[in-house]
Amino acid sequence: MTATATALAGRHLLGIADLTADEIGLILDTAEAMKEVAERPIKKVPALRGKTVINLFYEPSTRTRTSFEVAEKRLSADTLNIAVATSSVVKGETLIDTVLNLEAMHPDMIVLRHASSGAGHLLSKVCRARIINAGDGMHEHPTQALLDAFTIRERKGRLAGLKVAIIGDLLHSRVLRSNVLLLSKMGADVWACAPPTLIPRGLERLGAHVTTSVDEAVRGADVVMMLRIQLERMEGNFFPSLREYFNVFGMTPERVALAREDAIIMHPGPMNRGVEIASEVADGPRSVILDQVTNGVAVRMAVLYLLAGGGDGD
Amino acid sequence: MPVVMDGDRMARTLARMAHEIVERNRSLEDVAFVGVRTRGVPIARRLAEHVEKIAGVAAPVGILDITLYRDDLSRHAVGPQPLVRRTDIPFSIDGRRILLVDDVLYTGRTVRAALDALVDFGRPRAIQLVVLVDRGHRELPIKADYVGKNLPTAPAESVQVRLSEIDGVDEVAIEGGEAA
Chain U
1085 MTATATALAG
1095 RHLLGIADLT
1105 ADEIGLILDT
1115 AEAMKEVAER
1125 PIKKVPALRG
1135 KTVINLFYEP
1145 STRTRTSFEV
1155 AEKRLSADTL
1165 NIAVATSSVV
1175 KGETLIDTVL
1185 NLEAMHPDMI
1195 VLRHASSGAG
1205 HLLSKVCRAR
1215 IINAGDGMHE
1225 HPTQALLDAF
1235 TIRERKGRLA
1245 GLKVAIIGDL
1255 LHSRVLRSNV
1265 LLLSKMGADV
1275 WACAPPTLIP
1285 RGLERLGAHV
1295 TTSVDEAVRG
1305 ADVVMMLRIQ
1315 LERMEGNFFP
1325 SLREYFNVFG
1335 MTPERVALAR
1345 EDAIIMHPGP
1355 MNRGVEIASE
1365 VADGPRSVIL
1375 DQVTNGVAVR
1385 MAVLYLLAGG
1395 GDGD
Chain V
421 MPVVMDGDRM
431 ARTLARMAHE
441 IVERNRSLED
451 VAFVGVRTRG
461 VPIARRLAEH
471 VEKIAGVAAP
481 VGILDITLYR
491 DDLSRHAVGP
501 QPLVRRTDIP
511 FSIDGRRILL
521 VDDVLYTGRT
531 VRAALDALVD
541 FGRPRAIQLV
551 VLVDRGHREL
561 PIKADYVGKN
571 LPTAPAESVQ
581 VRLSEIDGVD
591 EVAIEGGEAA
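As you go down the protein sequences, you meet chains U and V in turn.
All you need for this note's numbering is the position in the first sequence, starting with 1, plus 1084.
All you need for this note's numbering is the position in the second sequence, starting with 1, plus 420.
One chain only, chain U, in its complex shape (with noise of 0.2 Å):
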């Protein structure tokens, strides 16, 4: 429960692949305590008074990006938010020297969202402010993993030996790629599955077990985690219907019963109802779908805090 870790030993938050299981368990633990400061009559702590942080959004989103501006209000930051279809990426700028623009206005911090995977990891090279990575294409989603294992181990108390079952999109999503990473450095037993034409090349390597039968990977799960099937990501076909998909490996009350009976139904949205998950299922009684959005803040507020400390690094 304890982490032994007192710092990131990073400047930027670009992956999980970059933290070690000390460093998550810091984030995790420094997370509940920012959780209890949504309790308080006054939702706003000084901690980042005078910092300025920059959400940077290339592509749209409405979950991630609100819930770190929350994240950065109650942590007193002062906070820009740019969206690509307003700022004069639509009249060709390229990101460096968005961002080149952006770092003379001296933010402390940048979050951005990108469909370029390692954009985060470019400006990295360039920028003095730090960077969070808020999904950068097919290649991670480091805070979104980090709110799902913040979720678990609330629920179960911990991580380690858990069976997580991840179903849906494998091959787009990032948020499968970050869980993979997180999940295994801290002892998960993590089991992938999609149909073969969703299956990215490799995955075995990062750590979970792959297979294309839904029931053995939901069969005494501890946690059922669904992925969005990501139309606008597919040039191609993929499976020949939604309504198939959602026959071979949609989540229904049915396969939820393989699970263990204290199984708990994660989403991180937005969610296709009727093609990935089923409304029963999406609503019910071990659905802990909104609770990932709120230990999403609490999760945001704990990496702004930790990374907003330390030396210049360089």
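In case anyone wonders, no lab produced these hints; they're calculated from the structure.
Please note: incorrect hints may appear among the correct ones.
[Stated by the list, open to error] Straight-line alpha carbon distances no greater than 25 Å define the calculated SDA-like cross-link-like pairs of lysine to any residue that follow:
1) U:K1128 to V:R529
2) U:K1240 to V:R506
3) U:K1240 to V:D508
4) U:K1269 to U:G1304
5) U:K1135 to V:R490
6) U:K1128 to V:F541
7) U:K1119 to V:R505
8) U:K1209 to U:N1185
9) U:K1157 to V:R543
[As the list claims (entries may be wrong)] Reference listing, derived: stretches of chain U covered by chain V, where coverage requires no fewer than 3 residues with Cβ under 8 Å from a Cβ of chain V:
10) 1098–1105
11) 1336–1343
[Stated by the list, open to error] Covered by chain U, per the in silico footprint, the following chain V stretches (three or more residues, Cβ under 8 Å):
12) 426–437
13) 536–548
No residue lacks a Cβ here, since even glycine has one placed at the ideal position from N, Cα and C.
Place chain V on chain U using the hints.
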């Protein structure tokens, strides 16, 4: 490393402080203790037990973590961020008399942070400051209402309060100083 207060002495000191608290607060019905993490918490619990024995009133005890209110967080930090732990005040502080408890009163900056944190939880009727040791060298206009022991120290020295709940022993020691 002179030990300036041993276990016996600490027990008597806390008992005396509890009597002072009872004497100064005629009605204890609206009194609550809030201990500042880390060592203010067990001290607050012990004082609450004494008060209950003396006056028969069980005052609630809350835990306050002041890390997020520190005045050195946004000032070009060169080190890692201090660890944040959970604040747990399971009662409304509105209209109550709050006994804010810490182990050592030194610069007063921790107390300033604690006062800021407390008023974010509500509007207490009054806040009184309780410390086991006052070692002087204040940097802010803050004064304790109840002091276990006044301990004149040099700035280079450090005062260590050890409590059996955390450190396995009850004592107060002065450390360092001469070599510095």
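How the hints compare with the structure:
Our distance criterion of 25 Å between C-alpha atoms is met by K1128 (chain U) and R529 (chain V), whose separation comes to about 20 Å. For the suggested pair K1240 (chain U) and R506 (chain V), the alpha carbons sit about 19 Å apart, so the restraint of at most 25 Å is met. With a C-alpha separation of about 22 Å, the suggested pairing of K1240 (chain U) with D508 (chain V) holds against the 25 Å cut-off. Proposed proximity of K1269 (chain U) and G1304 (chain U) is supported: the alpha carbons are some 21 Å apart, at most 25 Å.
For the suggested pair K1135 (chain U) and R490 (chain V), the alpha carbons sit about 15 Å apart, so the restraint of at most 25 Å is met. This hinted pair checks out: K1128 (chain U) and F541 (chain V) have alpha carbons roughly 10 Å apart, not beyond 25 Å. Note on K1119 (chain U) and R505 (chain V): the hinted pairing holds, with a Cα-Cα distance of about 10 Å set against a maximum of 25 Å. With a CA separation close to 15 Å, the supplied pair K1209 (chain U) and N1185 (chain U) stays within the 25 Å bound.
Restraint check for K1157 (chain U) and R543 (chain V): the C-alpha separation of about 23 Å stays at or below 25 Å, so the hint holds. For the stretch 1098–1105 of chain U, the stated coverage by chain V is not satisfied: 0 residues place a CB nearer than 8 Å to a CB of that chain, which falls below the threshold of 3. A stretch counts as covered by a chain when three or more of its residues have a beta carbon under 8 Å from one of that chain; for the stretch 1336–1343 of chain U and chain V the count is 0, and the coverage is violated. Counting residues of the stretch 426–437 of chain V whose C-beta lies closer than 8 Å to any C-beta of chain U gives 0; at least three are required, and the coverage claim is violated.
Restraint check on the stretch 536–548 of chain V versus chain U: 5 residues with Cβ-Cβ distances below 8 Å, three needed, restraint holds.
In this structure, the hints that do not hold are numbers 10, 11, 12, in rising order.
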